[in-house]
Amino acid sequence: MAWETRARGGRYYTRSIRRHGRVYREYIGTGPVAELAAQLEAAERAQRQEERLALARDRQAAEQLEGFVDEVDSLVATLTRLALVSAGFHQHHRGAWRKRRGQEAH
Amino acid sequence: MAKKLTESRNLAPVAPWDVAAEVDAGGERRREVMGWLNSVIDRAEAGDREALKTVRQAYTDLPQLWSTTDVLRTNAERSMLDGMLGTDKQLFTRATIEHQLETMRSDLRGEAPTPLERLLVDRIVLCWLECQQADLTLAQRMNQNTTLAQGEYHQRRAERAEKRLFRAITALATVRRLGIPAVQVNVAEEIKQVNVVG
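One line per chain: the protein sequences are S and V, in this order.
Okay, so the first sequence: first residue is 1 according to the numbering used here, each after it adds one.
Okay, so the second sequence: first residue is 107 according to the numbering used here, each after it adds one.
Bound conformation, chain V alone:
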């Protein structure tokens, strides 16, 4: 009985159409819902037809998830630039880096990117920025009288950022190679309205 309850709870702690709102709520609840979504994807991958149905429904019913990711990515980029340059400081350098990020984004997107490709490109750009920030911090700390432990911490952080960038690039290459059919997601300006065409 206990097992049954756990299974049913694992199957649907939240209705698929509520997932986006739950994810949007942020914090612990977001992690919980994303964990559930990943477990459903795992089951679908293992051949569970019911789970596959949920996955397909989630994929088309969750446009908000895409916009939430976009908002989080924009905030993360801003925080990263603040971390590198300070808030409202070095405005010319900031504008130059922002321009560089946009150029990179546009080059990687190509002419007609699918929404998923756009998301993956945005992740690559964010990870690249993180690599720059981590390398810069490491170089700065090495020039200061930093402790060995602190130096090692920043070294490991730079390595983690590099691995993340590599994973992000691999994911884009995989999606492009496999040619995933696009689900059209139109995100209105300021992300107020989202329309999906299946």
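Bound conformation, chain S alone:
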């Protein structure tokens, strides 16, 4: 997309850059120098894409592991609450567990 064809002939290599929140088009030129610049930029883009994919894979793997632990964690938390409440305890304002007055242990 960075190559522009002009009406009077010839291909110009350009690139868009963002500066102070605005997008500018920079004209690199034509001929072998422009070809070289295009190749370098393509290689950099491919590398950035590869890095993005690697980061996404890394994050996905971490999220999957965390999901496994989270599932066990919430099941055990529910079972613990089940045990405590059925034994006649209640949690005081999400803090300490207290025995409910006048209630027998199960």
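Any given hint might turn out to be false.
Here are the simulated EDC-like cross-link-like pairs (lysine to aspartate or glutamate), alpha carbons at most 16 Å apart as the crow flies [as the list claims (entries may be wrong)]:
{"no.": "1", "chain 1": "V", "residue 1": "Lys269", "chain 2": "S", "residue 2": "Glu66"}
{"no.": "2", "chain 1": "S", "residue 1": "Lys99", "chain 2": "V", "residue 2": "Glu151"}
{"no.": "3", "chain 1": "V", "residue 1": "Lys269", "chain 2": "S", "residue 2": "Asp70"}
{"no.": "4", "chain 1": "V", "residue 1": "Lys159", "chain 2": "V", "residue 2": "Asp148"}
To be clear, the hints were calculated from the coordinates, so they are not data collected in a lab.
Please build the complex by placing chain V on the supplied structure of chain S, with the hints as guidance.
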């Protein structure tokens, strides 16, 4: 009328004796049933006698829930080790860590742990392993040319793992301090048969 329907649906989207099977089914249904169970526990805590009856019934009628948790915990531990060391790689290191986990489990369980204590100890061991894995990943990424965002992500993940471990330790300490009477759960080898004594 609509309110009544919602209330009745909240009270029993599933029969108590079917909860274990529903939880065993996994996925979205498990989350739904566990959400319902938590809401019943909330009501019981608030003093609803009917809900308390359901909670007590669920506690004694759901041995399968305990074994499901055990299976999930075993799988999570295996996945965590795979994540740290790779599948079928670094077998000596893997055996060493597994031995360390067993020692920790046995030390924390003590001589005669109740089934609930065993479950809570298993959770502590799993959370400890998660902390190690998260710290290791963070250290590895810091040594690589990682982005700031990725570094922060792993930092936050390590902090979450640490908080989870702290909660797990607190829960065991609470249960031991309060001396919850045990419901005996005998889980047969390979978790094929489960017997409960009330």
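Does the alpha-carbon distance linking Lys159 (chain V) and Asp148 (chain V) stay inside the 16 Å limit?
-> Distance of about 13 Å is within 16 Å: holds.
Regarding the pair Lys269 (chain V) and Asp70 (chain S), is the alpha-carbon distance no greater than 16 Å?
-> 12 Å, holds
Holds or violated: are the alpha carbons of Lys99 (chain S) and Glu151 (chain V) at most 16 Å from each other?
-> Since the Cα atoms of Lys99 (chain S) and Glu151 (chain V) sit roughly 11 Å apart, the hinted pair holds (cutoff 16 Å).
Do the alpha carbons of Lys269 (chain V) and Glu66 (chain S) lie within 16 Å of each other, as the hint requires?
-> 13 Å, holds
Taken one by one, the earlier hints all hold for this structure without exception.
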